[in-house]
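Asks: We have chain G already, so just place chains V, E and P on it with the hints.
Protein chains in written order, with our numbering: chain G, 1 to 340; chain V, 1 to 340; chain E, 1 to 340; chain P, 1 to 340.
No lab work stands behind these hints: they were computed from the structure.
None of these values were measured; they are calculated from a predicted model.
There may be inaccurate statements among the hints.
What the hints assert, rightly or not - A few chain V residues that face chain P, going by a derived Cβ cut-off under 10 Å, partial list only: (1) G93; (2) A212; (3) A227; (4) R241; (5) M338.
Stated by the list, open to error - Taking lysine-lysine pairs in the BS3-like style, the calculated list, with each CA pair at most 25 Å apart, reads: (6) E:K331 x G:K319; (7) E:K319 x G:K260; (8) P:K319 x V:K332; (9) V:K64 x E:K331; (10) V:K260 x P:K331; (11) E:K260 x G:K326; (12) G:K326 x E:K326; (13) P:K24 x P:K64; (14) P:K319 x V:K331; (15) P:K196 x E:K196; (16) E:K18 x E:K64; (17) G:K64 x P:K196; (18) E:K260 x V:K18; (19) G:K326 x G:K157; (20) P:K71 x P:K200; (21) E:K261 x E:K18; (22) E:K332 x G:K332; (23) G:K145 x V:K196; (24) V:K64 x E:K157; (25) V:K261 x V:K64; (26) G:K24 x G:K11.
Just so you know, even glycine gets a beta-carbon here, dropped at the ideal spot from N, CA and C.
Number of protein chains: 4
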Amino acid sequence: MIIVLNPHATKEQVALFKNTLEEKYGVTVNTWVGVESTVLGLIGDTTQIGEDWVSAQEVVESVKRVQEPYKKVNRKFHPDNTVIELPTGQKIGDGSLCIMAGPCSVESEEQINYVAQRVKDAGAAFLRGGAFKPRTSPYSFQGLKAEGLDLLKGARKVTGLPIVTEIMRVNHIDMFESVDIIQVGARNMQNFELLKELGKTDKPILLKRGLANTIEEWLMSAEYIMAGGNDKVILCERGIRTYETATRNTLDLSAIPIVKKRSHLPVIVDPSHATGKSSLVEQMSLAAVAAGADGLMIEVHNDPKHALSDGAQSLTPDKFDEVARKVFALKKAYDEIMNS
Amino acid sequence: MIIVLNPHATKEQVALFKNTLEEKYGVTVNTWVGVESTVLGLIGDTTQIGEDWVSAQEVVESVKRVQEPYKKVNRKFHPDNTVIELPTGQKIGDGSLCIMAGPCSVESEEQINYVAQRVKDAGAAFLRGGAFKPRTSPYSFQGLKAEGLDLLKGARKVTGLPIVTEIMRVNHIDMFESVDIIQVGARNMQNFELLKELGKTDKPILLKRGLANTIEEWLMSAEYIMAGGNDKVILCERGIRTYETATRNTLDLSAIPIVKKRSHLPVIVDPSHATGKSSLVEQMSLAAVAAGADGLMIEVHNDPKHALSDGAQSLTPDKFDEVARKVFALKKAYDEIMNS
Amino acid sequence: MIIVLNPHATKEQVALFKNTLEEKYGVTVNTWVGVESTVLGLIGDTTQIGEDWVSAQEVVESVKRVQEPYKKVNRKFHPDNTVIELPTGQKIGDGSLCIMAGPCSVESEEQINYVAQRVKDAGAAFLRGGAFKPRTSPYSFQGLKAEGLDLLKGARKVTGLPIVTEIMRVNHIDMFESVDIIQVGARNMQNFELLKELGKTDKPILLKRGLANTIEEWLMSAEYIMAGGNDKVILCERGIRTYETATRNTLDLSAIPIVKKRSHLPVIVDPSHATGKSSLVEQMSLAAVAAGADGLMIEVHNDPKHALSDGAQSLTPDKFDEVARKVFALKKAYDEIMNS
Amino acid sequence: MIIVLNPHATKEQVALFKNTLEEKYGVTVNTWVGVESTVLGLIGDTTQIGEDWVSAQEVVESVKRVQEPYKKVNRKFHPDNTVIELPTGQKIGDGSLCIMAGPCSVESEEQINYVAQRVKDAGAAFLRGGAFKPRTSPYSFQGLKAEGLDLLKGARKVTGLPIVTEIMRVNHIDMFESVDIIQVGARNMQNFELLKELGKTDKPILLKRGLANTIEEWLMSAEYIMAGGNDKVILCERGIRTYETATRNTLDLSAIPIVKKRSHLPVIVDPSHATGKSSLVEQMSLAAVAAGADGLMIEVHNDPKHALSDGAQSLTPDKFDEVARKVFALKKAYDEIMNS
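With the rest of the complex left out, here is chain G (with noise of 0.2 Å):
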């Protein structure tokens, strides 16, 4: 952490700063006097030291920090790719497209175990479903909850799909301990209390980004899973809020190569969010490809004009067939262009 001071601050205000610095937090700090202004560096773990409060001390101008904030998630201290394995084999990060697919909500029995297995003919290796959904307005559909979490288990009965689905609140977490994924939605990125819960489990965690968080907000929510213990931590970007309005949210796609940079952990996208157009998600998802995703989240409904929720951006399992005919040709021809 570099420090620059006020120009104004006396000797002996600094003196103080410095002494503080060093006995609170434990660095060394290292002073550098120049013309017009003197600078702190900071030697140590800095990770507890608040830019906020540096940036209240009177004798402060300016603060800037060299260490990125977040350990475990860092690529720095863990060179090599997290992949992270089920029992049942699935992998994520090791390289290969992990397509999750399935409805929005859970509907009926009939309904998912239809999409289930035609997602699984089509290559997908996870079933995505919602039973709890977190919705705008409290009038609409709010999932079949338990029920849903039961459908979801028959399917993967019927058809040995792991499932992934979204938990809402903490005192959840026993009622998805035989989900293969818990989903940690966007709205719930800083939900900390259910991240900490989480970080307790040995549950892969799949965090999507919120609509208005930054990559280093979403590393820090990754932090905090894994600072509770569990290391199985698999990031979803889906879309962030801007001020365009052709899309429902900006699918952000150089977060891919940047969050593979900072971190070691797997990250996957989810175009029928983002995009919140059926339309586009056959293109966003040969972008997601070649942009180097480990995955895709893609959401896919026998019949989407009926479907209780997110209809609009569903696809239906003939072109979702088309679509990952596709993006699996297109990750061929990929990895062929980047190993060779």
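Replies: Positioned in the frame of chain G, the structure of chains V, E and P alone reads:
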């Protein structure tokens, strides 16, 4: 709700779609046939019809909601201002200016009692202070938790000021039984499970605007609380996330008159978190009063340089004296001008 | 255009308003009377009716445009892709991948000739280079200006590559007569006076998206050029401004399929300016190809460390060789997949 | 400027880099060697050293500017407020509240003379009105152009009010010779060629903030004008583009105290364009006064419903009377409070 149909839709498709709308949602559908396109007008309660679902229909080109999606929050159905009155007599929304002040985090008995007395003397009607703190980093100070709540209650006993503090998880609601106003932070504005549970209490809820949420989404989150049976909602504007980096967030003061027009709920402003800079708090507090705010939430710390969180934005008690004096004086002038 | 009337509007007001619409704009107005509100449907050419003007009417509650406000740019009225062909044979928009490459600023004859030869050898079809540079600071290098143009022409003579360079003011149009493609930068996307004058030329115009402009505004700026009589417009996505600070701008690749659907114009991507980081250019170039872009604009500098502007985002010629090889290989695979 | 070096940089690379900095830019470079990283501190005038260029160096990990990149605009080098005084005596920035009012577009002699007289009677010091109009659509009314300028001059003759109007291209500067204050619109804030030419005139320039520009970029654009020799710059905040759709733009009132701290230039607020809604103008005008603005720019139209542009945000003359009365009264109270 106005639905513009796809010019390529067949008569059969349109008939089927209209039938679905009428049967599934109990609305009456009027048809207007133009030369280029056909438009449907829905009459009845459309709050349960998702625009996403409508957009997903093949026969639909676009959709426009005429009715607001919120009901209990809506001024149309509740023309008079909601005034929230505490058992101890304090009122919010009655035309007076309500100031809530105190430290970001409760740190010690001495600190909180001292600050409580100082803000009371300056005219604050409520003591605010964080016991449970949402922090981006798992390594940052997370608040004194239950001990912090006890210290707040102690300060209330000493000064008589009712207390406002933030809740972060559903199973803390019992613990917050003795809190006077429960705050829902910006990051939890769309933690719908928490909102639902708070809707079942009879505590006043201070609902902060999410840092990337529209005014409509904010009102929908208030609707969640009211739909549960709790009418006592206070809205709090605290800045939105934009590209500008000179302030932590961009304070959106135009939200005040917009909320006042659309809703009957009181709305206050938090200039401390919005700007992240203590040097801007005075000017933004005055501007908030002139924009018509019902109150202000201001961070005051006995010693901002040693605050354990968010020191950069806290005022000293002396500076708060000055700010409070100015805002009350401006409020007086404002009322005279607006009522003359 | 669909106009929802204010429920409090009187019959006389409505009649007067309808009359105004019909007489002033020559449209036919259909009325649909619902229980809660009355809706007007306008038939005819509504591109000249401003939504602002409609909204200002006391009788109006809200307005929704059904027709897009652009005509010549609109794919509806021009279903086939526009292919821009230069006298020297290069084509943009014909299904091939067109790469424009070169330094941010032209700096010397040696530099530009060297880079031109290197990018040509790697497969670029155009040489790009800045002679007039828009710079945030008046104290930054503003380009070699007329001398820079001469150096570009010299490099064209040596290599045969047509040249693309940015214009910054109307009275330079004559000077740009010998330029092959005239670029309008992001900051000038809504410099309507410049667009109008370029509409009177017959030069291909490369129109960059403004850093805070919607896709609709971008298409409207293209409409300005086409309305003047110049059909040769190439759109260039180069990132939009968001709250994220990990990249200079956020590259919006979903703009590619959206523009392709709404318009017949070719669209290319500039990953160098979008991300501001050379380390992201390869991955984002590949993603742009997979998103369906007609071309790429990439910064290449013989010596990025000594570049007089924007060095951080430039590739070396050696790195560009590699990127070009990969993107052409991916484009080949992409075409096979999409056409199979 | 503080530069953190890459820990992998060799001694030779560092020596070469330091040498380049000293020779190329004439700064003195101090080195501070820490355990984990080496930091360079640059002393001297760094305004010409681009951060992009520094970041591009292989030896550089990151860079932090300590000095602001603007000089003439900077309050540090010009502590007193700039007061702009017209030959006819009007002052901006002297502590008084300066109101500029008038229609978005000049439409007819009758209209402009009527509105001019009404706004003068209500206390406005300047008549604003558009002769050349920047419009998103080429098919929208583009202003009366030269005829509009003549009508403005006529209204000035009749009422004595000096006039403010927008310029859109360099070669109109002669035509604007008789205009009292030349306005640069938001879309042209970074039309650097126009700024340079205006810097050669001695006219007061009203520089609107670009709709996606930071405060620093805005000040840099003012620096362009001042660098050319013209010290008479008035800044105008008019809302920035965000994701919120309830207002046209989000008015950033915190920009007022920030600009006041960083610069000596006067700053005014345009609530009409910022919100796009006449119903918000009064409240946001009052808030702007309380935020410390030196003036207001307000749209007034004799007949907003028939205005040829931007009617939705215009006040009637009667409503303007009321708004002006209130803002002057609030300004009086504000001055008493701030000076007591």
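Asks: Decide, hint by hint, whether the structure agrees.
Replies: Here is how each hint holds up against the structure:
Annotation: interface hint on G93 (chain V) violated; nearest CB of chain P at approximately 17 Å, more than 10 Å. With its C-beta approaching chain P no nearer than about 7 Å, A212 (chain V) sits inside the 10 Å limit, and its interface hint holds. Residue-level restraint check for A227 (chain V) is violated (minimum Cβ-Cβ distance to chain P is 22 Å; threshold 10 Å). A cut of 10 Å between beta carbons decides the hint on R241 (chain V): the least distance to chain P is about 8 Å, and the hint holds.
A distance limit of 10 Å between C-beta atoms decides the matter here; for M338 (chain V) the minimum to chain P is near 7 Å, and the interface restraint holds. The straight-line distance between the Cα atoms of K331 (chain E) and K319 (chain G) is roughly 22 Å, inside the 25 Å bound, and the hint therefore holds. As the CA atoms of K319 (chain E) and K260 (chain G) are separated by approximately 20 Å, the hinted pair is consistent with the 25 Å bound. In summary, the hint linking K319 (chain P) to K332 (chain V) is supported, as the alpha carbons are separated by about 23 Å, within the 25 Å threshold.
For the proposed pair K64 (chain V) and K331 (chain E), the alpha carbon gap of about 40 Å is over 25 Å, so the pair is violated. Between K260 (chain V) and K331 (chain P) the alpha-carbon distance is near 24 Å, which keeps this suggested pair within the 25 Å criterion. Taken as a hint, the K260 (chain E) and K326 (chain G) pair is honoured in the structure, with Cα atoms around 19 Å apart against an allowance of 25 Å. Proposed proximity of K326 (chain G) and K326 (chain E) is supported: the alpha carbons are some 19 Å apart, at most 25 Å.
A C-alpha spacing of about 19 Å is found between K24 (chain P) and K64 (chain P), which places the hinted pair at or below 25 Å, so the restraint holds. Distance hint between K319 (chain P) and K331 (chain V) is fulfilled; the C-alpha atoms sit about 22 Å from each other, no more than 25 Å. For the proposed pair K196 (chain P) and K196 (chain E), the alpha carbon gap of about 22 Å is at most 25 Å, so the pair holds. Taking the CA atoms of K18 (chain E) and K64 (chain E), the gap is about 16 Å. The hint holds against a cut of 25 Å.
A C-alpha spacing of about 34 Å is found between K64 (chain G) and K196 (chain P), which places the hinted pair above 25 Å, so the restraint is violated. The suggested pairing of K260 (chain E) with K18 (chain V) is violated, with an alpha-carbon distance near 32 Å, which exceeds 25 Å. Pair hint K326 (chain G) plus K157 (chain G) does not hold up; C-alpha atoms about 28 Å apart against a cutoff of 25 Å. Between K71 (chain P) and K200 (chain P) the CA atoms are separated by roughly 18 Å; this keeps the pair inside 25 Å, and the hint holds.
With a CA separation close to 34 Å, the supplied pair K261 (chain E) and K18 (chain E) exceeds the 25 Å bound. With a C-alpha separation of about 13 Å, the suggested pair K332 (chain E) and K332 (chain G) falls inside the 25 Å cut-off, and the hint holds. Among the hinted pairs, K145 (chain G) with K196 (chain V) is consistent with the structure: their alpha-carbon atoms are about 15 Å apart, no more than 25 Å. Between the alpha carbons of K64 (chain V) and K157 (chain E) the distance comes to roughly 56 Å, so the proposed pair goes past 25 Å and is violated.
Straight-line distance between C-alpha atoms of K261 (chain V) and K64 (chain V) comes to about 21 Å, which keeps the hinted pair within the 25 Å bound. As the CA atoms of K24 (chain G) and K11 (chain G) are separated by approximately 20 Å, the hinted pair is consistent with the 25 Å bound.
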